[in-house]
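Keeping their order, the protein sequence lines are chains A and B. Numbering of the first sequence is given in this note's numbering, commencing with residue 562 and proceeding in unit increments. Numbering of the second sequence is given in this note's numbering, commencing with residue 242 and proceeding in unit increments.
Hint data in this document are derived by calculation from the structure and do not stem from the laboratory. Quantities reported herein were computed from a predicted structural model and do not represent experimental measurements. C-beta: ideal position from N, C-alpha, C; glycine also. Incorrect hints may appear among the rest.
Partner residues are not named here, just some residues of chain B that face chain A (Cβ under 10 Å, in silico) [unchecked claim]:
hint	residue
1	MET539
2	ASP543
3	GLY550
4	ASN554
5	LEU618
Pairwise CB distance ranges, derived in the manner of DEER restraints [claimed, not checked]:
hint	chain 1	residue 1	chain 2	residue 2	range
6	B	PRO486	A	THR704	40 to 50 Å
7	B	GLU485	A	GLU737	52 to 62 Å
8	B	ALA296	A	GLN610	22 to 32 Å
9	A	MET732	B	GLU608	21 to 31 Å
10	A	MET732	B	VAL444	51 to 61 Å
11	A	SER619	B	GLN365	57 to 67 Å
12	B	SER578	A	GLN610	28 to 38 Å
13	A	SER619	B	PHE506	34 to 44 Å
14	B	THR282	A	GLN610	43 to 53 Å
15	A	GLN610	B	THR566	38 to 48 Å
16	B	GLU485	A	VAL696	54 to 64 Å
17	A	ASP727	B	ARG490	36 to 46 Å
18	A	SER619	B	ASP328	25 to 35 Å
Selected chain B positions facing chain A (Cβ under 10 Å, derived; list incomplete) [stated by the list, open to error]:
hint	residue
19	VAL558
20	PRO561
21	ASN596
22	GLN625
23	GLY633
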Amino acid sequence: MAVTSLLPPVGTIRSDLESIVDWVEPGSRVLDVGCGDGELLHALVHRKQVDGRGIELSMDGVRASVARGLAVIQGDADTDLKDYPSDGFDYVILSQTLQATRNPRTVLDHLVRIGRHAIVSVPNFGYWRVRADLVFRGRMPVTDRLGHEWYETPNIHFCTIADMVDLCRDMGVTIERSLILGADDRPVPAPADSFRANWLGVQSVFLLQRG
Amino acid sequence: MTVAFDATSQDPSQAAVSDPAGTVRLGTDQPLELDGGGALTGFRLAYRTYGTLNADRSNAVLVCHALTGDQYVAERHPVTGKPGWWDLMVGPGRPVDTDRFFVICSNVIGGCMGSEGPKEIDAQTGAPWALNFPVITIADMVRAQKALIDHLGIDQLFCVIGGSMGGMQVLQWAVSYPDKVYCCLPIATAARHSAQNIAFHEVGRQAIMADPDWRMGDYLNQGTRPTKGLSVARMAAHITYLSEPALHRKFGRNLQDRKSITFGFDADFQVESYLRYQGISFVERFDANSYLYITRAMDYFDLAVDHGGVLANAFRVKGPDGRLTGTPVKFCVISFSSDWLFPTGESRAVVHALNAVAANVSFVEVETDKGHDSFLLDVPEFYQVARGFIEGNAARRGIAAKVG
């Protein structure tokens, strides 16, 4: 029986998303928190055959995701994660969203509770260009990854890679794996807790586990 | 509206399927046990089918109609002559594509378009059932539909879809028969009828019962019809299906065929004239006692009540190892921002319960000012979401884009 795929072919996706796709075990259960229009979830469903779910705050994002055949609900990471059962998923993904939540620590707590693993990517406020903007220009930085003026940014809880490492240690969350992406999304071969990572990393991706 | 079975899967015991205009008598071997006690033996169920059942019988879609709907989902109505009540959703190339799916829609029991209900003749007495018809529930309606699905030789429905009371049946299907439903779309609905909605229904029922022609429900035997009462019930209900902005946009304070107000009680305003028309045209096609029975069924609907008051427990099923696990049914819950009869919060409660059991659920609140009736109207975003969900699941289920 011929089955036509109704979904568009998977194109290129953001490089932090690409590494997330790499890390996820095929056939696992995945919850993508803040899934946008479903780009990552779509890639995971098609390339890793995951059983994928998404939560997205914007209705446009939800509609776009559902219309491409993904299981996505309208919801808010700050308020809705408490409804999810513990260990309901193999991976819970939070991509470029933690800094936009009202209570990042609580959100992180939920991520490692709901998922056996959590995958979190965050922009690095410790990147040298960001520091230079503040030190030499005396201005809040606006970069590719932090692309908003201070008065309109949804990013209300900035942190550096070093801050994330500290928070995880403080919460008893194990960093199983990390990836530092520098300028032009080139990987920076440095451990997450190094000065080098925090200086050269534009963003970082963490594979986390509670305990 | 084609013959439902292709030659390779023809099964003589399923003869009723080849008559898509069927009224089938079910429950002759096994009576339909009712929630309120008692049972219906040899009850009629009127239904229509569209499209062709595929060889592995995996492409069946059950459409559940709302309070005043019927089985004529995608074709001209025999009484009113109007197009099918959901021809934006069901038909060739529509989200529920009749070139791809075998679509079934039956009149609910308690209804008045040929299924067993207060208007039909009680075989025991030879007279219309009237108020001797047993009070039925949404779960009873779904049991009757399940008997039809069994009769049609379908083991699992690909999809169950419906809005409002149809959505209640959809939820009930998923809870009663989780292994018989692959995916479902409960639209503009709730897991229980709210106090406000029960109150509106009570107004409608009181209007009917206050009509002297109702004759304690015995009007069919006495040769009268409570058209005034039923029409007032419809008028009141119709307001709840719309929204203030929609009513204002459509009518404002415009006067009906006159230059100024008349200082009398004629229908001065267009909105009055419109409501009167809605009431009068409704009584042509609907039975007053049916209205009592079906509104009652909605009032009694509360999915959580049989599960310790915890809605999430309604969506737990026994896994192969005997342990409770989340329902395997895939859900797409849809609400409309201006629906004040079944507001988004009701849908969200269903979604929260489904999340609590880690079920596969999508949820969209469609932005529109058209009120509860949005699911029947031209709201493109709604159909776009429904199409995406249905096509995504059909591809996963391996259902060909066209039967044949």
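Legend entry - Hint validity - GLN625/B Cβ closer than 10 Å to any chain A Cβ: holds (5 Å)
Legend entry - Evaluation of the interface hint that places ASP543/B against chain A, nearest CB under 10 Å: violated (21 Å)
Legend entry - Range hint 51 to 61 Å (beta carbons of MET732/A and VAL444/B) holds or violated: With a Cβ separation near 55 Å, MET732/A and VAL444/B satisfy 51 to 61 Å, so the hint holds.
Legend entry - Interface restraint verdict for GLY550/B against chain A (beta-carbon cut-off 10 Å): violated (17 Å)
Legend entry - Hint validity - ASN554/B Cβ closer than 10 Å to any chain A Cβ: Violated. Min distance 13 Å.
Inset, instruction - Classify the hint on VAL558/B as holds or violated, based on whether any CB of chain A lies nearer than 10 Å to its CB. - result: Since chain A brings no Cβ nearer than about 15 Å to VAL558/B, farther than 10 Å, the hint is violated.
Legend entry - Restraint outcome when MET539/B is required to lie within 10 Å of chain A by C-beta distance: violated (26 Å)
Inset, instruction - May I ask you to test the interface hint for LEU618/B with respect to chain A, counting a Cβ-Cβ separation under 10 Å as satisfied? - result: violated (18 Å)
Inset, instruction - Look at the Cβ atoms of THR282/B and GLN610/A and judge whether their distance stays inside 43 to 53 Å. - result: holds (49 Å)
Inset, instruction - Could you tell me whether the CB distance from MET732/A to GLU608/B stays inside 21 to 31 Å? - result: violated (38 Å)
Inset, instruction - Evaluate the given range 25 to 35 Å for the C-beta pair formed by SER619/A and ASP328/B. - result: Once the Cβ atoms are compared, 32 Å apart, the range 25 to 35 Å for ASP328/B and SER619/A holds.
Inset, instruction - For PRO486/B and THR704/A, compare the CB-CB distance with the range 40 to 50 Å and indicate the outcome. - result: holds (43 Å)
Consistency note: the structure conflicts with the earlier hints numbered 1, 2, 3, 4, 5, 9, 13, 15, 17, 19 and 20.
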